[in-house]
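There are 2 protein chains.
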Amino acid sequence: MSWLKILGAVIGAGLVLTAGILLGHFAIPKGGASQGAPTWAQTVSRDLDESLLQSFMDQVESAKIQENLKTLASQPHMATTEGDKELVKLLLNRWQDPQTGLDSASEDVYSVFLSFPDPQSPNSVTVVDNNNAIFSTRRSEKNVTADQAHAEVVQPYAAYAPPGNPQGRLVYANQGKRSDYQELVTMGINLNGTIAITRYGGAGRAAKAVNGAEFGVAGVVVYTDPGDINDGQASEEKTYPNSWYMPPSGVERGSYNEYFGDLLTPYYPAKGNMLLGRAGQGRAGSGIPPIPTQPIGFEDAKMLICNLAGSVAPTAWQGSLGCSYNVGPGFRTAGQFPNTSNVQVNVYNQRVIKNSSNVMGFIRGSEEPDRYVLYGNHRDSWVHGAIDPSSGTAVMLEITRVLGKMLKEGKWRPRRSIIFGSWGAEEFGLIGSTEYTEEFYSKLRARSVAYINVDISVFANATLRAQGTPPAQSVIFAATKQVQTPASPSVSVYDNWKNHFNRISPSYGVVPSIGSLGAGSDYASFIHYLGITSMDLAYTYDRNKTSARIYPAYHTAFDTFDYANRFIDPGFTSHQAVARTAGNVLLRLADSLILPLNVSDYGEKLDELYNVAAQGDFLANLIANKISLDPLKVALGRFKSAAADFNQRIKKLKEEDPLQIRMVNDQIMLLERAFLNPQAFPNKYHYSHVIWASKSSNQATFPGLADAYTSALETKDWDQVQKHLTIVVQAVDSAASTLEAVA
Amino acid sequence: MSWLKILGAVIGAGLVLTAGILLGHFAIPKGGASQGAPTWAQTVSRDLDESLLQSFMDQVESAKIQENLKTLASQPHMATTEGDKELVKLLLNRWQDPQTGLDSASEDVYSVFLSFPDPQSPNSVTVVDNNNAIFSTRRSEKNVTADQAHAEVVQPYAAYAPPGNPQGRLVYANQGKRSDYQELVTMGINLNGTIAITRYGGAGRAAKAVNGAEFGVAGVVVYTDPGDINDGQASEEKTYPNSWYMPPSGVERGSYNEYFGDLLTPYYPAKGNMLLGRAGQGRAGSGIPPIPTQPIGFEDAKMLICNLAGSVAPTAWQGSLGCSYNVGPGFRTAGQFPNTSNVQVNVYNQRVIKNSSNVMGFIRGSEEPDRYVLYGNHRDSWVHGAIDPSSGTAVMLEITRVLGKMLKEGKWRPRRSIIFGSWGAEEFGLIGSTEYTEEFYSKLRARSVAYINVDISVFANATLRAQGTPPAQSVIFAATKQVQTPASPSVSVYDNWKNHFNRISPSYGVVPSIGSLGAGSDYASFIHYLGITSMDLAYTYDRNKTSARIYPAYHTAFDTFDYANRFIDPGFTSHQAVARTAGNVLLRLADSLILPLNVSDYGEKLDELYNVAAQGDFLANLIANKISLDPLKVALGRFKSAAADFNQRIKKLKEEDPLQIRMVNDQIMLLERAFLNPQAFPNKYHYSHVIWASKSSNQATFPGLADAYTSALETKDWDQVQKHLTIVVQAVDSAASTLEAVA
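Note that the protein sequences, when read in sequence, are chains A and B.
At position 267 of the first sequence (counting the first as 1) the number is 267 in full-length UniProt numbering, and the numbers step up by one without a gap.
At position 570 of the second sequence (counting the first as 1) the number is 570 in full-length UniProt numbering, and the numbers step up by one without a gap.
A hint or two may mislead.
One copy or two, it doesn't matter: identical chains are merged, so the pair holds either way.
What the hints assert, rightly or not - Here are the computed lysine-lysine pairs in the DSSO-like style, where the Cα-Cα straight-line distance is at most 27 Å:
#1 K481 - K354
#2 K695 - K481
#3 K605 - K626
#4 K633 - K354
#5 K626 - K481
#6 K545 - K652
#7 K716 - K633
#8 K481 - K652
In short, the hints are calculated from the structure, not lab data.
The structure displayed is predicted, hence computed values, not measured ones.
Starting from the given sequences, assemble the full structure and let the hints guide the process.
Okay, here's the thing in structure tokens:
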């Protein structure tokens, strides 16, 4: 054989061998878990698909949201009424739709304590002279548009205010704060047996009556001052339907309840079949008005306030009713009423236990079904509730329609499970969402990645407004950079937002400013009780254009589709922007391989709270009482360093080992939980998050520390200050420990 | 070319191609996560290696344990003393040994509240007549063996009993139960200002003084009756060093403290740098004796009791001191002492805050480093502490030696991380372990699979004794079936155990009986506060052979290596069996792909507790008060069905997808956590496990329900019963919910 033949044979054999190697390597799948790639290994480390995210946003239609809202707000749907029940069906139908529905949907019923006016005996506020009622407030708002009229419009009332008919001299008590009543006493007025008229704002609804009762007040009347809600406008011509301002007959309804969750079953789900010890568990009577209370419109309030006798009220107490506000007691001579007349508050509210439903929708996660991303919004309104809450429900339904379509078409399934909640009886005190967290406490605490709340989705058209805990910042920023503003498509929601609300971050420079979560909507029990990273998203006002306390039709009979369509968001483009933003956040949380929550952002907030205590009088008083902040400083340093190292470790995660990924994700998820301390605030139901608990003090530091400090200035109980400092140190250390390398 | 050549070329090419295919398929690893098997996929689903388990057990040597014990018990090592500090060094050295050590070891220091006698002013109990001490108890035990003598032997005392020198007439108050004092009052005795002598047993140490003080008793003396500890033997000839029985001079020391954890810092780690608000946090004064208290030997007790005046004590109160026990008050005429003489209790205990250390050892898990299997044992003793606790430490050191060797030789690394704890200051109230759980509450709660406690490893040679929560049963059974008994190698520890302690399980028939965990050792905060599945393992007595309350040298100066070596476990084969069993359990928990904890075993326990409430007077009283057990019955049904379905789903898990495995393991791990309710027992520090909390009632049902029921029989507060029923229903529902399919 010639060397050429040999060469040829060798080359040929080499080629054949190479072909074989290639075939063997690429064409034949490896078998067995330990040798080849098992099927799960193909999907287990898949990351967020940006093109799918874009496709989701493209599919969100403003017209669909408008259509949703028209349907949702077509009739009143106060908690547990027929209108509410019809919406339960609507939600179930949408979420069970074969083309655009979710994997499953269900109705969860709780048996909850509510309060309604008696249709047979309407509440009123009357002026009484010689046992004759010579004036009575309106029983309902004036119908100014066609879509507003409905037999089921509930008369204005103060939910949970007790029935009764107290009668007494009228006094004007400003906002019903404790300091307001104190001021009246200082002015020499004996409040015993008086009726106090107060304006909304400054103090919680229930607080106006709780405070008043402490001073001997027998009944409370509440109204909305045009100065607070209407930028001063008070005439019919300048108000709805001619503008967005509240008409003179408008009355803000509301829950007069300082707590959240079913009042009779704190910490336990109000389930009929659990036969809860209502008497034993009950806290009825605390946190709700001890005396009859009734809200009225400013048209009626004007009749009462503008006829008061007594000294002129302080300047800060004056409003826009078009007269000088006197404090009383009683009516002036030569006014509308005899100066002998009293005011009577007639309340016939009934306490009832009724079935309220949450509607829950579910999409199963493909890789981590046991990790939940939650998204919720309440369903119940006071009247038609076009804005509160149906603007949120309309957005949620559009998000679920688009996701449902992608799901049913087989184009998408999230990495993690998604749970949608349409909460019941929020208006009475966040009841549906709280009962849900009570019922599934253990499971939700172990598995929930984050909770997104969109209650009122659009207050106004100017800018996004976001509230949330620090880890939510990064995902909200990422999402808002990808959404265009309604007004000018070249500007992102992020940039527009930064123009309206911003702050200087030590880490990032000027950034949009995220607000803190109080207990104003259904996120409350998720953050305060379960310690789940939470956020609340909405479009809102340009504060240069209005000083209204809230949108003027809030909780009135004027919160209708017409109102929303003409004055809040014509074209529904702000609704669309919110749907895109919230949906983007949701998809990032559900699909990102590494959770898009930046843990190191907590450091800035902790520093901010620390700095308040570490200077001025606060620090001086601590030192004088031998309390050192050093341990807290050490803990903060430990936290910040742990968070920075953690972020470095994430960057260096080379292999996409699913258990390594899961480990860091669990650390991110559980960071918020590390701040929980169920022993920290034994007297504050459901509040256990050491950083965000409610507080009474105006010291802008850690809430327990702030309250203990303010209290110690009076009581000298510095041990309590030391205790709450220890609680904060322990929480920050726990948070650091959660982020430090596990081994 | 001939056809033969062609054939040859084709065959040759075929062979070359085949070789290539084989090479390509097997010799070249596939690259890229989506196409080939990534490196992590080779190990991520590896299961327990049974041969390695066997190899571990084979390497456990009784001689090494004996050697460990000799070293550990060579000198007294009471918490925070020099002897204790030397053992800290020993532990660190062993665990940092390059050949047989762990990945890492560290010393964690807490600054804790302890109580010691004053070496300058020894405590005593004296008989005083006309201001002359005419008799005084021994200040120390008699040295009966050489290895017992040591300058650091602490004199017998009641830790936390306050200093004082009360003097009064002596009474005999049996076991110092509330009912015992009541009985004396019924007999017409005025207890005011008396000194009560009581025997160990029946009530907790501190309770004897707490109860007595309520009746006006001024001081308490405690002794061990030979009837309770020595099967009646009281002479020197029949006691140690001639047998295992307690010599006449022996005194049981102990902590007279009803709580666990550092008394001044409940819920917070007693860390110096946290500057805890000790005064604010403190609960000193509650749970510890309000009056001076001192333990004495029965030799001295005999002098006191056998000379008492008064009526003969009830039969059940009689003991084995060799005389008739009278109740007093005071001494009889014609006895050893003038009948005018009083007894004086002289206590000079000092309250101190001292640094106590835990020594922590760590082995990093290969696949799930963020899952912890914990194993612990305290290090501190009262005196030489050969049995309590060094028999446990000797076992732990042998387990870590063998595991460390396998680790350092590269033969093994666990799937999950293993944490070893050598706890400090257990004898004063489980302090080291409790501070550890307080400091790392959040992290441990999120990541801990189980806690294994081996305190005293061998009480006696007869049989295994296990305590634990129901899920621990399956792994303990699996382990004990693989270990041979010391006595007869053909009998497994399991079968031998079943012969000694058994019960009829509705699911399995006759099985060894696992006891409940109280708060007797360091597992307490793991189970009650953190809700981590826990167990306690030891070898123990044949109850047909002795009725001793505990091994007779317990907490005395006689608990020495000689005692252990001659009377407790000659040959150390029981120690070896415990080491093999506990190590086997540990390896199964650390290495099994699916956690070897059978969740459905909780159902039997829940049924058992339910059945007590669902019959007889208990049920009749519930019905009479309109309280229905139906919701609990429904919840139990839900739990059992969820657990059965869960076990079915595990069996059907086909793919070894690591996230699917992790999901079910998290459900197993968190089952125990679902029973926690931090609101359930607001007055019981650290108790939050609804199934296992402490109780005072003797109703063998759920503890909160049992106590509320017993109390309601007196107070008629049936709302509390309803509340605790709700708490149980909520806990069982949460547990069911944890096991139900996550999506």
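Numbers of the earlier hints that this structure fails to satisfy, in rising order: 1, 2, 5, 6
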